[in-house]
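**Student:** Residues per chain are reported as follows:
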Amino acid sequence: MENLFFEFFQNTGFFLCDYRNIVMILIGIIFIYLGIAKHYEPLLLVPIGFGMLIGNIPIFHGLGLGIYEDNSVLHYLYFGVTSGIYPPLVFLGIGAMTDFSTLLARPVLMILGAAAQTGIFLTFLGALALGFEPNQASAIGIIGGADGPTAIFLTAKLAPALIGPIAVAAYSYMALVPVIQPPIMKLLTSRKERLIRMEEPREVSKREKMIFPIIAFLLCCFLAPAALPLLGMLCFGNLLKEAVVTERLAHTARNAIIDTATILLGMTVGASTQGDVFLTGQSVGIFVLGAFSFCIATACGLIFAKIMNLFLKTKINPLLGAAGVSAVPDSARVVQMVGQEEDPTNFLLMHAMAPNVSGVIGSAIAAGVLWSLMV
Amino acid sequence: MYGLEAISANNGWSIAVVGITIVFTGLVMLSFCISRLHRVIDFLEKFPDRKERAAKKKADKAMKKNGGVPAFTGAEKESAKQYRLLARTMADHFSLPRLLHLAEISGLDKPHSRLNMLLEAGIINPDTEGYYTWDLDLYRKIVDRADKDK
Amino acid sequence: MNGIENILAGSVVFSRAGAEGRQRIASIAQKWSVREGETLASPGQKASSFFLLGSGTLMLSMEEERALVLNTPGDFIAMELLSSKGVYKTRVTVLSGGHVYALERDAFLEMIREDSADAETVMHAWKTFLENTAPFVKKQDHAVTGFEYAY
Chain R
33 MENLFFEFFQ NTGFFLCDYR NIVMILIGII FIYLGIAKHY EPLLLVPIGF GMLIGNIPIF
93 HGLGLGIYED NSVLHYLYFG VTSGIYPPLV FLGIGAMTDF STLLARPVLM ILGAAAQTGI
153 FLTFLGALAL GFEPNQASAI GIIGGADGPT AIFLTAKLAP ALIGPIAVAA YSYMALVPVI
213 QPPIMKLLTS RKERLIRMEE PREVSKREKM IFPIIAFLLC CFLAPAALPL LGMLCFGNLL
273 KEAVVTERLA HTARNAIIDT ATILLGMTVG ASTQGDVFLT GQSVGIFVLG AFSFCIATAC
333 GLIFAKIMNL FLKTKINPLL GAAGVSAVPD SARVVQMVGQ EEDPTNFLLM HAMAPNVSGV
393 IGSAIAAGVL WSLMV
Chain F
54 MYGLEAISAN NGWSIAVVGI TIVFTGLVML SFCISRLHRV IDFLEKFPDR KERAAKKKAD
114 KAMKKNGGVP AFTGAEKESA KQYRLLARTM ADHFSLPRLL HLAEISGLDK PHSRLNMLLE
174 AGIINPDTEG YYTWDLDLYR KIVDRADKDK
Chain H
1009 MNGIENILAG SVVFSRAGAE GRQRIASIAQ KWSVREGETL ASPGQKASSF FLLGSGTLML
1069 SMEEERALVL NTPGDFIAME LLSSKGVYKT RVTVLSGGHV YALERDAFLE MIREDSADAE
1129 TVMHAWKTFL ENTAPFVKKQ DHAVTGFEYA Y
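For the record, the sequence lines run as chains R, F and H. What the first sequence shows, in my numbering, is residues 33 to 407, in sequence order. What the second sequence shows, in my numbering, is residues 54 to 203, in sequence order. What the third sequence shows, in my numbering, is residues 1009 to 1159, in sequence order.
Take these hints with a grain of salt, some might be off.
[To be verified] With a straight-line Cα cutoff of 27 angstroms, these simulated DSS-like cross-link-like pairs (lysine-lysine) come out:
(1) F:K163 to H:K1039
(2) F:K134 to R:K241
(3) R:K70 to H:K1039
Simulated from the structure, these hints should not be mistaken for laboratory data.
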């Protein structure tokens, strides 16, 4: 009987526990705390945080429990991540939520969404310089797109082993947008620039909004076909929203589907961060490069907005450039916040949504380009 | 391999330049297209305008002949039709606030009073669960018959 | 008799209350002109008034996207139909313009909590009115699971 007890004890988490599991469990608890108590992207951080707890229960290998064991339930759920199923479903929901009116009213702001993607490619170079393989460097660079589903999608295709650290880095930085971006924004703009008021956007007709997703899809996917899974779903979701007659489907896409995909995506990505797999020097490098990528993307957007002002008759507030990094709608909110610190009557949120949603399209194209260049 | 040597060996410079160029090209092209979009739509919308005006005149005349059921004006009938289209996208027992919301975001004229008109005419009726149903027969009597008279 | 007294006399909820009771209700009412599309109450707002319909049409949008349309003068929009724990849970939208009487919520609740024949009559009539016009309201309370959240 003693032997039985001892054998059972040997299979418990208390016996199998490793300091790395404890570290990851603590990180998971911090994520849950930040989500619940500090309201930092709770819909993302809580599933990821709890997923970290799930993934870091020390288990006896061979029982088919761990996410990396072929026959486990978690492995099947994780299949949606590794095969790139969940991110397009999230994009479908995002499309069904997004209102492209401000972008349609001032199309020139779309270029800011492109400028911010420069950070992706600069980080790609940085990662190569640090000795990462080109596939890994691409996956690391995409963190600068500040778009969780895109980062996971590209990593699943190019460097599946890095999904855990890249997803956690991407979502962490997205949650920290209000902390990371403001200092860069203040550093790169003068008070006079931050005070610039934007012109009222024109009224956008329903028909324009309906046609936009079709044009955007055809144009971008003809140019970068690898962006098809993400952009296709984004534009399809948006068409469902704008077509009105498909409101019932749009409602499902922006509620049930995106919620289900987010829960499964967050939880399994969290569970993939098993201490022994996650706590490596490489992960530290990814976190450092991810932060660099995010900062560079923000800076590129801001600088490009300033360059545009040299040529534009009606100046734009360069803070809008920072919203080009996707992270919808947080980076747009940060633009509003920083702008109102200088002038509480200046409302930039609506205008910042234009580069913000353009950033989503830009990062999806960037992911498509990197994918096709690496394969 | 590290540093600039690693970037060159992996063709990093070319990939970065090509990548940035494609992203910019895509978004600049899209930006250009959508900046022209509203002009194209405005141009195309001029044609049906005339047709619609003529159709409205005809509908108004036909309405006068329509007896026994509530008489809708041409604009009211158009609203009823649009409401019908929206209601068709919903379940048989649909939500009234949802229908009103759809009407608002679709840009229907006077969505509140037109919805009230349909309620008063008995085209939209409440069930016992807080949802509403569409009386298709009455709707046809009021709206479709007048159209046939044209 | 002035406007509100006429309305109260014809109201299913208040018609059986005594003249004195109706006068007390009239004393806490304020006449509002309402226009098409206007919102009189929104979910989440502090519930400060109940509404007595004078003329026009109101739509009450409730949980689970249910709705109730009221257009009979004297219809009363109050208590579980409108609010819960001092907060509006129903959106009241004007479908066609007219006027309503806004009754001070706290004063009205105080009145009906009194141990009086008028209070009892009004509450009894209210239950009947609710059962006839919005039988689904009670069921709805049981349907709230507490698992709702916003993305």
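**Student:** Compare the structure with each hint and give your call.
**Tutor:** Here's how the hints hold up against the structure:
With a C-alpha separation of about 25 angstroms, the suggested pairing of F:K163 with H:K1039 holds against the 27 angstroms cut-off. With a CA separation close to 22 angstroms, the supplied pair F:K134 and R:K241 stays within the 27 angstroms bound. About 44 angstroms separates the Cα atoms of R:K70 and H:K1039, which puts this hinted pair outside 27 angstroms; it is violated.
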